[in-house]
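Asks: The chain contents come next:
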Amino acid sequence: MIRLDGVRKTFTAGDTQIHALDGVSLEIQRGEFVAIMGQSGSGKSTMMNIIGLLDRPDEGAYLLSGQNVATLNEHARARLRGTAFGFVFQSYSLLPRMSALEQVELPLIYQGVRDRRRRAAEALVRVGLADRIGHKPTQLSGGEQQRVAIARSLVVDPLVVLADEPTGALDTATGHEVMTLLSDLVYQHGMTIILVTHEPEVAAFADRTVRMRDGQIIEDTGAPSDANASRVEPTT
Amino acid sequence: MSMLDALRIAVRAIVANRLRSLLTLLGLVIGVSSVIALIAVGQGTQKGVSDQIRGLGTDLIFIEPSAAATTQQGGTTALITTTLTQADAYAIAANGNPAISAVTSHITGDTQAIAGVNNVGAESVFISSNYAEVRDLDVAVGSFIAPQHDDAGSLVAVLGSRVAGTLYPGIDPVGQEVRLSFLAGRVVFAFTVIGVLQEVGGAADADDQVFVPLTGLANRFRFLYTPTGDLRVTQIDVQAIPGADTEELKQQITDLLLFRHNRTDPDFTVESQDDLLDAASEVANTLSILLGVIGGISLLVGGIGVMNIMLVSVTERTREIGIRRAVGATATDIVNQFVTEALALSVLGGVIGIVIGVVASLLVDGRTLGDQEMTTVIQAWSIAAAFGVSAGVGLLSGIYPAWRATVVDPIAALRNE
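In order, the protein sequence lines correspond to chains A and B.
Using our numbering, the first residue of the first sequence is number 9, and each one after it goes up by one.
Using our numbering, the first residue of the second sequence is number 48, and each one after it goes up by one.
Only chain B is shown next, with the shape it has when bound in the complex (with noise of 0.2 Å):
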C-alpha cells in the first residue's frame, strides 16, 4: 500500500468521525499553541528586564550598601544603614582610574508629588547633574539639572513622563511648582519644575521617578550626613570606558572601598550590568522553563487524547479491519493505516497549534493585562520542539492501537458483524 492510499484511507477516517476528530485535535490544538504562547512570554519577560536594566544605561557598575539590597527598600531605612558616602564616590572618580569615565551618587526615597489638586507617588532621587549623563537619560522638555544647581544647592525638579503626565495633564509643566513630600509626609518642599524627561516606556523605573539635586536636599536635611561630616548615599553608579575589562574594575573599586571602610568583609555590594542581566536571565529562563512545561503537560494530556481515540477507534472497527486483512491487508499496511491516522490527526493539530500559538502571542504582545504589560517574543525553537512533540505523541500514541488492530483476528472480526 502506498503513503498516498495510507493517508487518503487516514483522512477519510478522520472527515468520516468529524466531532471525534475535532475533539482530539482541540487537545493537540491547545497543547502545541500554549507551548508556543507561553515559551513567548517567558521569553518576553526575559527581554522586557534585559531591556529595562540595559535602559539604565551603558558600561555600568552599580555599588549598594549591603543592607539596602537585603531589605530590598530604598528610601529612609537605606539611608539609616547605608554606610556609602559621597566621599566614597569622589574617592572612586579621584583615583585616577583610565577605565573609569564617570561616577555619580545618589539617594533615592519615596515621595509624594503635589501640584494644586494633583498627586502621584512616586520615587525622588537626590542626584548630582551628570546623572543624566551616566543614566543615558535625555530631557523631553526644559532642561536637566545642571552644574549651577548642584552648586546653588538649588530647589528644581526634573520629572519622570508618567508622573509630569499625571500631575500636569495638558499643562507645560516647566516653570510650574510641584511640592514633594518626603519621611512619610512629615516635610514638604516645593519646587520649581524645570524638565521632563523622555519617556523611556516599558517597565522602566526614570518614567516614575522624580529628580532633584542632592545639595539642595543635604543643605536641608542634616540626618543625611554621618557623624564625621560624610553625605550618605544610597547608591554610587560608575561608568566604565567601552570595553574596559568590569571584572577588574569591580575588584579595585572593592579594594578601595574596604580600604576607606576599614573592613575586611564588604558592607557593599558591586553589581555590574553584565550581572544584574545575568541574575534577571536566570529568573526569566527558570519562568520559560516553567511555563513551558506547563505547555507540555497539556501537550502531553493531548498527546494521549489521541491515543484514547485511535484505541476506540480500533476497537470500533474491529469489522473494517477484518474486511480489510480478508481482502489482502497484510499487518504491516493495518499498522501504517493506523499510524498515519493519528499521525495525521497530530500534524493537523501541531499546524493549527502552531497559528493559534503565534496569533496568540502576537495579540498579547505589548497589551497590558492587569497593570503588566506584557511583551512576547516568539521563539522559532519552541515552534519546531511543539510540533515534534506533537507530531512524536502521536506517532507514539497510534503504535499501541495500530498493534492492537494487528491482533484483530480477521475470522472472529468478521463472524461479529
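Okay, chain A solo, but in the shape it has when bound (with noise of 0.2 Å):
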C-alpha cells in the first residue's frame, strides 16, 4: 500500500547539509503495525511526515496504493492527508477551548463531510470516552487526551495510522493502555499503524520493526510471513 524508492532528503542547516533521508526503500502492506526506531537525528520523523504527505522528498517516488504522490501540488497533498492518514502526536495536538466532540470532528470539517457529530462521538466511543465527550482538554488526563487523538485520527477512516511518540509524555502505566488501544486497532479492525518510536518496550506492540541510522535503514524485520498471508493488500 505504501512503498517509498529510493528517497533522499536533504536539508541545509548554515553551509553543511543534513542527509535527513539517504536513499530509503520501504514497502508497508494494509493492516500492518509497524514500528519504525532510531535515534533523534536518525531520520526516522523525516520519515513518517514524507509518508504523511507533511514533506516532500528531493529524490525518489512515493507511492500511495499504487498512486505517485511525491509529485502532488501542496492543494492536492492536503486533500490527500485528511482523507488518508490520521495523526497521533507526542504533544496530543489538541486545540485549547474545544470539546472532545469538536476536536474530532475537526477533519471531518475540511472533507466537508455531513453527519460530523454521529461520526465523531462513535470514533470517541471507539477508543473508550463515550462519557468524556463533552470535555475539554484541560478536564482530560494525558491519557484521555492522546486517545482523544486516536479518535480524530480514526475519524475520517484512514488509511494509514500515522503515531509519532505516542506514549513520549505519558507515564508506563498509561503509555501500556494507548499502546493496547493502539493495537486493538491493528488487531482487531485492520488498521495500518506506524509508529515512531525510540522505546524498545512500546516498539515490541508493533509486528514489524524498522531501525534507522543516519537517513538509512539499517534493520528491517519484515512482516511475520503469517500476517503478511493474510493481509495481502487487494490489487484494486
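Negatives, chain B to chain A, calculated, CB over 10 Å: (1) Tyr137; (2) Gly156; (3) Asp157; (4) Gly200; (5) Arg267; (6) Phe270; (7) Asn332; (8) Val359; (9) Leu395; (10) Val424.
Quick list of simulated restraints, FRET-style, between CB atoms: (11) Ile344(B) / Asn81(A): 39 to 47 Å; (12) Gly198(A) / Thr379(B): 31 to 39 Å; (13) Arg16(A) / Gly435(B): 50 to 58 Å; (14) Gly435(B) / Asp192(A): 53 to 61 Å.
The set of hints was computed from the structure by calculation and includes no laboratory data.
Quick caveat: nothing in here was measured; it's all calculated off a predicted structure.
Heads up, the beta-carbon is just placed ideally off N, CA and C, and yes, glycines get one too.
Starting from two chains that each stand alone, build the complex the way the hints lay out.
Replies: Printed below as a string of C-alpha cells:
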C-alpha cells in the first residue's frame, strides 16, 4: 500500500547539508503494525512526515495505493492527507477550548462531511471516551487527551494511522493503555499503523520493526509471513 | 470547508479573545461612527446655511456696494463707502422690467437697544415698509412698519424675536418705548415698539434685528445723503417674479447701475440667492469633505488595528495552524479562516459603528454646543461608505496575515509545541 523507492531528503543548516533520508526504500502492506525506531536525527521523523504528506521527498518515488504522490501539489497533498492519514503526536496536538467531540469533528470539517457529530461520537466511543465527549483538553488526563487524538485520527477512516512517539508524554501505565488501544485497532479492526518511537518496550507492540540510522534503514524485521498472507493488499 | 464552518471558527476565535477582540472592534467602531457623525455634522451645517439663505425670501437678488463686501462690515463703514443710493433702487423699480416684482433698499448698522434696565446689542435695519413682503417676514404680535410710517418718518420699531425676549421678558412689548443708540452711543433716539416678528429660528439674522423706518432716520442723519442729495443705502434687494431668468435680470440691473454710476467696472455686487447658496454649499462641502477625511483616517487606523491583531493572532496560533494542516486543511482553508475572522471583526465593528454614529448624530441634532446650534443630517451614502470601507479594510487587513498563516510549516509548528 505504501512504497518508498530511493527517497532522499536533504536539509541545509548553515553551510552543512544534512541527509535526513539517504536513499530509503520501504514497503508497508495494509494491516501492518510497523514501528520505526532510531535515535533522534536518524531520519525517522522525516520519513514519517514524508509518508504523511506533511513533507515531500527531494528525490525518489512515493507510491500510495499505486499512485505516485511525491509530485502532488500542496493543495492535493492537503486533501489526500486529510482522508488517507490520521496523525497522533507526542503532545496530543489538541486545540485549546474545544470539546473532545469538536476536536474529533475537525478533520471532517475540512472534508465537508455531513453527519460529523455522529461520526465523531462513534470514534470517541471506539477509544473508550463515551463519557468524555463534552470535556475540554484541560479537563482530561494525558492518556484521555491522547485517546481523543487517536479518535480524531480514526474518524476519517484513514488508510494509515501515523503515531509519532504517542507515549512520549505519558507515564508507563498510561502509555501501555494507549499502546493496547492502538494494537486493538490493528488486530481487531485491520487498521494500518506506523509508529515512530525510540523506546523498545513501545516498539514491542508492533509486529515489524524498521531501524534507522543516519538517514538509512539498517534493519527491517519484515512482516511476519503469516500476517502477510492474511493481509495482502487488494490489487484494485 | 463551508462558509458556515469558517464563520463558526471565526466567531469562536473572536469570543475566545474577548478583550482583544473588543479593543480591535473599538478602533473600527470609532472610525465608522466618526465618519457617519462627522459627515452628518458637515451636511447639517450645509443645510443650516442653505435654510438661512432660503429664509431671506424667495427669488431675491442682492445688490451691495463692493467695499462693504470686502470690509465685511455693515453699519457706518459701509455707509461711508457705499455708492448705492435709494435713487438706484427707485430706478430699478421704475424701469418697468416685467421680471421684477418688488424692490426695497435698506441701511444696516450696529445698535444697542435699551429698554429700562435691559439692553442688548442688535443690528438695526433702516427699511421701507415693503421690506417685510420682500423678505417674507411675519409679525407675531402688533403690526409691521406701514407706508404711513414711511411717509411720516415715524420713530417706530419692530423687534426681532430674540431682541424682544431679552428687552421685555414677560411683558407685551407693543406700545413700549425702546431706545436705540447709534454711532457707538453718540446718538440715542427713542422709538415706540409697534410689533414683534415671529421667531425664524436657527442662525437666522432677523431674530437679532431691530427694524425702523428709513425715512425717520434719514430726516435726522443728514450725513446719510450724498452731496447731490441722494439717500445712501447699504443694500438693495430685488425680488424677481417666480420663474424669472435671474441671470438675465442680474445683467440688466448691472447695466442699469453702471450707467447710473457712470462707470465701466462695477462698484457694487449683484448676487442672486442661488449664487449665495452655491457659495455656501461650496464652503459646506469643503467642510464635509474635511470632516469625512478626518473620520476616514480614524477608520484607516482602525483597519490597521485589525491587521495588527490578525498578525499577532497568526503568530500565536502557529500550533493551531499546524494541527489544522495535519488534519487536512488546505492553504485555502487556512486563508479562509483568517480572512473570515478579520471580516467578521470588521463587519461587527461596522454595524456597531453605524449604530453609535447614527445615535450620536441624532443626539447632537438641534442641541447647542458652545453657542453654535448644531444641525446634523445623516446621509445614507455615508453609512454605506463607512460600512463598505470598514468591511474592505477588514478584508484587506485579513489577507496578508492569512497569507502568513499559509506559509507556516506544519512540521515546524507541531514540533515547536
